[in-house]
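Asker: The chain contents come next:
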Amino acid sequence: MNALIKLELARALRNRKFLFFSVIYPSIIFLLVAGQGGGNQSVDDSGLSVAAYVMVSMASFGALTAVLMGNSERIAKERESGWVRQLRLTTLPGRGYVLAKTAGAAVVSLPSIVVVFLVAASVKHVRLEAWQWLALTGAIWAGSLVFAALGVAIGYLASGDAVRPITMITYFGLSILGGLWWPSSSFPAWLQDIAKWLPTHAYAALGRAIEQSQAPKAQDIAILVVFFALFTGGAAWLYRKDTLKA
Amino acid sequence: MVVGFDQVSKIYGNVRAVDGLSLRLHPGETVALLGPNGAGKSTTLDLLLGLKHADAGTVSVFGLSPREAIVAGRVGAMLQSGGLMDEVTVQELVKLACELHPKPYRVTDVLARAGISQIAGRKVNKLSGGQAQRVRFALATAGDSDLIVLDEPTTGMDVSARQAFWATMREQADQGRTVLFATHYLEEADAVADRVLVLHRGRLLADGTAAEIKAKAGARRISFDLEGEIDEAPLRALPFLTAVTVSKSGSAAGSGQTVRMQSSDADATVHALYGLGVYPRNLEVAGLGLEQAFVAITEAEEAKEVTQS
Chain A
13 MNALIKLELA RALRNRKFLF FSVIYPSIIF LLVAGQGGGN QSVDDSGLSV
63 AAYVMVSMAS FGALTAVLMG NSERIAKERE SGWVRQLRLT TLPGRGYVLA
113 KTAGAAVVSL PSIVVVFLVA ASVKHVRLEA WQWLALTGAI WAGSLVFAAL
163 GVAIGYLASG DAVRPITMIT YFGLSILGGL WWPSSSFPAW LQDIAKWLPT
213 HAYAALGRAI EQSQAPKAQD IAILVVFFAL FTGGAAWLYR KDTLKA
Chain B
-6 MVVGFDQVSK IYGNVRAVDG LSLRLHPGET VALLGPNGAG KSTTLDLLLG
44 LKHADAGTVS VFGLSPREAI VAGRVGAMLQ SGGLMDEVTV QELVKLACEL
94 HPKPYRVTDV LARAGISQIA GRKVNKLSGG QAQRVRFALA TAGDSDLIVL
144 DEPTTGMDVS ARQAFWATMR EQADQGRTVL FATHYLEEAD AVADRVLVLH
194 RGRLLADGTA AEIKAKAGAR RISFDLEGEI DEAPLRALPF LTAVTVSKSG
244 SAAGSGQTVR MQSSDADATV HALYGLGVYP RNLEVAGLGL EQAFVAITEA
294 EEAKEVTQS
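Protein chains in written order, with our numbering: chain A, 13 to 258; chain B, -6 to 302.
It is worth saying that the hints were derived from the structure and are not from the lab. Any given hint might turn out to be false.
[Claimed, not checked] With a cut-off of at most 27 angstroms between alpha-carbon atoms, the simulated DSSO-like pairs for lysine-lysine come out as follows:
#1 Lys29(A) - Lys96(B)
#2 Lys18(A) - Lys96(B)
#3 Lys209(B) - Lys18(A)
[Said to hold, decoys possible] Derived, one-sided and incomplete: chain A residues facing chain B with beta-carbon distance under 10 angstroms:
#4 Asn14
#5 Leu16
#6 Ala22
#7 Lys89
#8 Glu90
#9 Arg91
#10 Glu92
#11 Ser93
#12 Gly94
#13 Trp95
#14 Gln98
#15 Arg100
#16 Ser225
#17 Gln226
#18 Arg252
#19 Leu256
[To be verified] Okay, the calculated bits of chain B under chain A, using three or more residues with CB under 8 angstroms as the criterion:
#20 39 to 51
#21 180 to 186
#22 271 to 283
These numbers come from a predicted model, not from an experiment. A virtual CB, placed ideally from N, CA and C, is assigned to each residue, including glycine.
Using the sequences and the accompanying hints, generate a full structural model.
Answerer: Pasting the structure below:
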């Protein structure tokens, strides 16, 4: 299984377009959005500066891009081309393929998080305690597994021409409604009621709690856990269905 | 026993893709699986490789389940249009296959044997159809497997590439491996296989050497011209015939007939023909190709099914 993981990693790191969109692009948006906010003015009642607030949004967004976009389309394509079938004729265990894909995505998502942090700290002078930087990196990286599972599920659900639009709608829907691009407090009340139940909203809230040196809200953790169970369960079910059909 | 199918059935909706199939493959055999489209060749191979599960009956490979046999490294397989991982090089992909095999060969040897050493550095998505086929072959032979399964392996190859491919394949067989391949190029089955299985509507229609299959179909064609009005009844009563057609011959004489027959014993048939006291002109006796034998067998089966229903 390690052999496939190694090759998936090598391939992920070689794909310049993908690296640009998941590693560089979130930092560019960070600079654009954080640049508008005036100095140390805080966002909502969070007590966080615009830069600190947007930093977590964009680190989460970058990780989401890396794990969701990479997996869904690639899995759908390789399922159709017959590569997944070919792998089933090797000693690779059934879960090996999905694990390798997830590992490949995780390797790209880590730099996308770190690069946003580096840009935020050096250009926008975001200052946090050492433990906060580490906790933020760990939480956002680990949290991205929720969306990696979603990417796998979409890859096994959709095929052909359908996979890209489904991924895009899910990706932009979750990013925007979850408040990764604009604070969800700027939404109308009815939309805020929907947004607060989205996994992306809980995901960013987790990071912000760390910045505020607060314990994460139980509701946010519960939302992430429920969605993770839902997505992995769905992915496992779709995977089995696909295997029987093959 | 390498492969054992025991009363295996696979049903899609109300189509029996494989219908009570029983067969055995023995060590060292090179076996061709023939059949018209939809005969159940691919389904049979999928069952053998554990990609599909039988609705009835059992499939065993080296006495194990298909999946166990693969995990033990005893089976190497090349699928029809099996996709490849793209954006990696040929070398990287073959290395992956070697690393996943319990009894791997060296990557350089695998590349050389498949004739792809020169394109080892090329990206997989930049290959021609024939080159991709060779890469698939390399993946199927990355380790010391005892059974090699190939589904339409030479599709997309030109004639010389096909010949080179079968030369490589014969080396594999000479080392004592069992090779099972499905093909629609009947001359390949004729030239390469020790044993031919003819599949039709999911059932085994014929099982033997290429020569036996041809004999079963009526192995030789006899054709000749007769002048004047002829009585067809004694011709049709000749021994060992499997088929007869009589048509107006194109000769200038006008009243001649051309007779074409297939016989399972051409010598005896021709001997009896002269015994009728006729004078056949332009007599030709020729062997039936495997292709014609195959068509004859499957058509006879279709006709039987029509009369039964």
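Asker: Confirm or reject each hint.
Answerer: Against the structure, the hints:
no.	hint	in the structure
1	Lys29(A) - Lys96(B)	violated, 38 angstroms
2	Lys18(A) - Lys96(B)	holds, 20 angstroms
3	Lys209(B) - Lys18(A)	violated, 54 angstroms
4	Asn14	holds, 8 angstroms
5	Leu16	holds, 6 angstroms
6	Ala22	holds, 7 angstroms
7	Lys89	holds, 8 angstroms
8	Glu90	holds, 6 angstroms
9	Arg91	holds, 9 angstroms
10	Glu92	holds, 7 angstroms
11	Ser93	holds, 3 angstroms
12	Gly94	holds, 4 angstroms
13	Trp95	holds, 4 angstroms
14	Gln98	holds, 4 angstroms
15	Arg100	holds, 6 angstroms
16	Ser225	violated, 43 angstroms
17	Gln226	violated, 43 angstroms
18	Arg252	violated, 12 angstroms
19	Leu256	holds, 7 angstroms
20	39 to 51	holds (count 6)
21	180 to 186	violated (count 0)
22	271 to 283	violated (count 0)
Hint compliance for this structure: hints 1, 3, 16, 17, 18, 21, 22 are broken, all remaining hints hold.
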